[in-house]
Every structure is written in structure tokens, then in C-alpha cells.
Amino acid sequence: MSKFLAASIGRKFLMSITGLFLVAFIAVHLTLNLLLIFDDSGELFNLGANFMATNPAIKIMEPLLGLGFLIHILWSFYLEFQNWKARPVKYDKKNMSGASSWASRNMLVLGALVMVFLIIHIINFFWVIKFDPHTMSTIVIGGEEMEDTYTLVADLFKGSVAYCFFYILGGLLLGFHLSHGFWSAFQTLGLNNKYWMKRWQAIGYAYAIIVAIGFAAIPLYFLVKF
Amino acid sequence: MADKILKKLNIKVWRQKNASSKGKFETYTIENISTGSSFLEMMDILNNELIEKGIDPIAFDHDCREGICGTCSLYINGRPHGPDTEVTTCQLHMRKFKDGETITVEPWRAAAFPVIKDLIVDRTAFEKILQAGGFVSVNTGGVPDANTIPVAYEDAEESMDAAACIGCGACVAACKNSSAMLFVSAKVSHLAKLPQGQVEAKKRARNMVAKMDELGFGGCTNTGACEVECPKSISITNIARLNREYLVSRLSR
Ligand code: HEM
Ligand code: SF4
Ligand code: FES
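Top to bottom, those sequences are chains A and B. Numbering-wise, our numbering comes out as the position in the first sequence, counting from 1, plus 38. Numbering-wise, our numbering comes out as the position in the second sequence, counting from 1, plus 9.
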């Protein structure tokens, strides 16, 4: 098995499986986060956040998600390092823009930038909710007392234009990463042929655009409205 | 279209004495080249001039000069086989260049394709991949009758499309990872699609991919550059098939 995961297609298999797992997570994450901009009282989002925080299934998924990120990131560096070694002498003059997309050639750069975003994003919210919850205010919705996650998020965006732009950028970077990553994952898994090529690419672009615009819309909303 | 004359061109070309020497770029000027001449004819004219000046001529690979053997290589102005599409270098013509231009000519760059001399690289690695699985076993004896093994039209078409690969290595040269996946996928596909290829089918993808890795080619990240630069337009859907065959064979064990 370790031989398989070190082989070229095995490396890519792990990238695509973890990548698709992250794609599924991002879809859930975005759906829930959009509640932020559809209810200014914060009630809907707080209910959603509380449901996720207390749901046993999510408790199981949380470490799996961390593992997924970890494997995806570690393997991406391993994979790119192997590929980099395959061309010890570089070309003097390259003209690659006509033959492949910029995103496809810069997946590691895009991924690494997403990773930087991710670290700051975790410090901003996940860390506070998980390890410093006493610093958060609480709110009572429907007779149940819960942490006021809405205020935690809203205050960050209301209080800092810089953070708003940072989060908009994060969404766009992820969108670019997925504009190639989505269909690439299906190609890697062998789930592609001459009919599905165009379809996966179209679905991938649509997903990437929804992710980019969706995530960017949240800070943008706070930036414009407050 | 009448041919024009390119009055002056600068040819910036990689010179390397042998496999172990370091190599560097040299720039030569060449005058009065017809836009109707092929790129390799231009190189021949340049080489004649170099010989007259007592300079070692530039070594480059070529054979059929009709776009079918895959011997000619050359990374020209940042693209394998130069600025034209769906052609080999021998089918590239000087009308694709402008007067006064500096044309950069480099060898294929890949760890698995070491430079032997100037622009010639050693592509034995492709041979080794084929030896690892790019064959079918047949019974000796008389020639079988025609049409004894039925092949569906679709399968025959796909197989023949993949079989168009001439093993030139432009896919490796074009790929940012120096991956040989398009070549390997073409060789796996043209056999996988035919009944004759079924005997070794289970092992073929595995053995060829293992050999490809061992020889130092990179892995595929699906940029698609290979398909665009391939002179025979081999489709990357073949790579999906190779991935499928490989994963099924690895995971079913
Ligand atoms: C956080 C840091 C991340 C890094 C460093 C990273 C890096 C990479 C790299 C280098 C690749 C391989 C390039 C290629 O196959 O073309 C890749 C592929 C991929 N990534 Fe990421 N990524 C990150 C985050 C994400 C996230 C958050 C998602 C999903 C929402 C994601 C989804 C994918 C997908 C679907 C693929 C395609 C797999 C394949 O081509 O087979 N990545 N990533
Ligand atoms: S797949 Fe295309 S580019 Fe690669 S070796 Fe075959 S003909 Fe050349
Ligand atoms: S010399 Fe044979 S293909 Fe160019």
C-alpha cells in the first residue's frame, strides 16, 4: 500500500480523494455560512453553528477533516517536489500559456496561499470557539443558551476592512484552485471520457464560481451594509 | 501564397559537446531564408554556413521529414515543435516566424531524456516503457483469417486514434512535470481497446507506469498541455483510461 501511495498515480489518487472530500466539506461550509447574510439578527446562523457544534456526526467528521487537509497539503508538496525533480535543467524560454490554464500550472501556489488563509481563518474563529469559548458572548434562542458565533464573525468583518478584503481574497483563491482541481480529481480517478470531459469541466467551473462568489459575498455584505 | 524572404534571423541555440559536458547557448545569425523552407531546412542551411566557418555543425534529430516517424524534436520559442499546432518540427515552416526575430531552440528538457549532444536527447526511456508492457502475445503459426476477431467500430476508432502516437516525446517536453502520461496512456489505450490486448491487460498499465516512475518521469497534474502540443492530438481522455486501468488493477489486488 505504501508503494502504491508513492507511485505517481497513487500520489494523485490520494490528492484527488482528499481533494473531493474537501470539496464536499466546502459545499456544506458555504451553505451554512451564507446564513450570515440572510438574517441580520444572527439567529439562523447561530442555530446552524450550534447544530454543527453539538451534532455527534460532526464530532466524528472534525478530526477526519483535519486529517484530510493535512494529507492533501503534505502530499501536494511531496507530489510537486517529485515533479520538480523530473526536470533538473529548466527551459530558457517557455511559452505555456496557450497550452494550459494558469490555475492548472500553479496549483501548489494557489493551494499554499489557501493554506495561509486557512491558518489565519482557524485562528480567527475555530480556535476561539474551540479553546477560548469563555471570551464569547452567549445568546438564548428558543429557550436554549448557546454561544453567539454570529457576533464573533460579524464583529470581525464590521471592525476591519482589511479582514473583509482578506476573506474576499481567500474565496477567490479557493475558486481558482477548484477551477482546475474539481475536474482534475475526476480525471485522476479515471472517471472521465470524451463525453464527461466537457461536463466535469463545466460542473467544476460552476462549482468554483459559486465557491468564490459565495465566500466573497459574506465579507462584501458586511463591508457594504455596515 | 507566395514565399517571402526573411532577411535576417538570430538563432539562439543550445550547444553541448556531449552528455557529460555543461553546455551553453550560442547565437548565430542567418540571412535570406525563404518562408517556404521548413524549420529543419533552415537548420541545414545554418549548419552549412557553420561548417564553412569551421564551426562544429549543430546536432539535431531528424529522419523521415514527413511528420510520421517522431524523430525530430526541438523546443522552439518555448514550445515543443515550435509555434504551429498539430505538426512535428519537420512540418514547421519558416512562414511562422518574423523577419529579424530571435528564435530560441532548446532540446527536450527532462531528467529521463538526457542530452547526448546539442539538441539531441536520449529517448531510450520510451523504449524501456514499451518493453515493460507495450506488447501483445500472439501464437505463432499461420496468419489468421481476416475478421475472425470482431472489433466494434467505436473501439477500433478509439484504438486507432491512440495508435497514432509516434513516440516523439513532445508531451514530456511540454509538460511542466516532464510527465510521460500521454505517451503511456496512448500505448496502453490502443491495446486495451482491442481483443488482442486483453491477455496482458491486467498487468500492462501497472508495469508501464512502474517503469515510467522508475525512469524519472514526473506525475500528471492534468494541465492538458501535452494534448495541445502533441503533433497527433492524442486526447487526454486516454490518461483517464490509464488511471482507471491502473487503479482497478492496483486496488483489486
Ligand atoms: C490548504 C492548502 C491546499 C494546498 C496546499 C493544495 C494543493 C493542491 C495541489 C498541489 C494539488 C495538485 C495539483 C493538481 O493535481 O493539479 C491539489 C489538487 C486538488 N485540490 Fe488542493 N490544496 C489545498 C487546499 C484545497 C482545498 C481547501 C480544496 C477543496 C475545497 C482542494 C481541492 C483540490 C482538488 C479537488 C484537487 C484535485 C486533485 C486531482 O487533481 O486529482 N484543495 N491541491
Ligand atoms: S502522445 Fe503525442 S506528443 Fe506524446 S509521444 Fe505520442 S505523438 Fe508525441
Ligand atoms: S523527422 Fe520524422 S516526424 Fe519529423
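Accuracy of the hints is not assured; some may be wrong.
Residues from chain A that keep clear of chain B, each with C-beta distances beyond 12 Å, as calculated [what the hints assert, rightly or not]:
no.	residue
1	Ile96
2	Pro101
3	Ala137
4	Arg143
5	Ala150
6	Ile157
7	Met235
8	Tyr245
9	Ile247
Simulated pairs of lysine to aspartate or glutamate, DMTMM-like, Cα-Cα distance not exceeding 25 Å [to be verified]:
no.	chain 1	residue 1	chain 2	residue 2
10	A	Lys131	B	Glu136
11	B	Lys62	B	Asp131
12	A	Lys131	B	Glu223
Since the hints were derived computationally from the structure, they do not count as laboratory data. Predicted, not measured: the structure shown is a model, and the values here were computed from it. Think of the CB as a built atom: it goes at the ideal place given N, C-alpha and C, for glycine as much as any other residue.
Verification of the supplied hints:
no., hint, result
1, Ile96, "holds (29 Å)"
2, Pro101, "holds (25 Å)"
3, Ala137, "violated (4 Å)"
4, Arg143, "violated (6 Å)"
5, Ala150, "holds (15 Å)"
6, Ile157, "holds (24 Å)"
7, Met235, "violated (6 Å)"
8, Tyr245, "holds (16 Å)"
9, Ile247, "holds (19 Å)"
10, A:Lys131 / B:Glu136, "violated (28 Å)"
11, B:Lys62 / B:Asp131, "violated (29 Å)"
12, A:Lys131 / B:Glu223, "violated (28 Å)"
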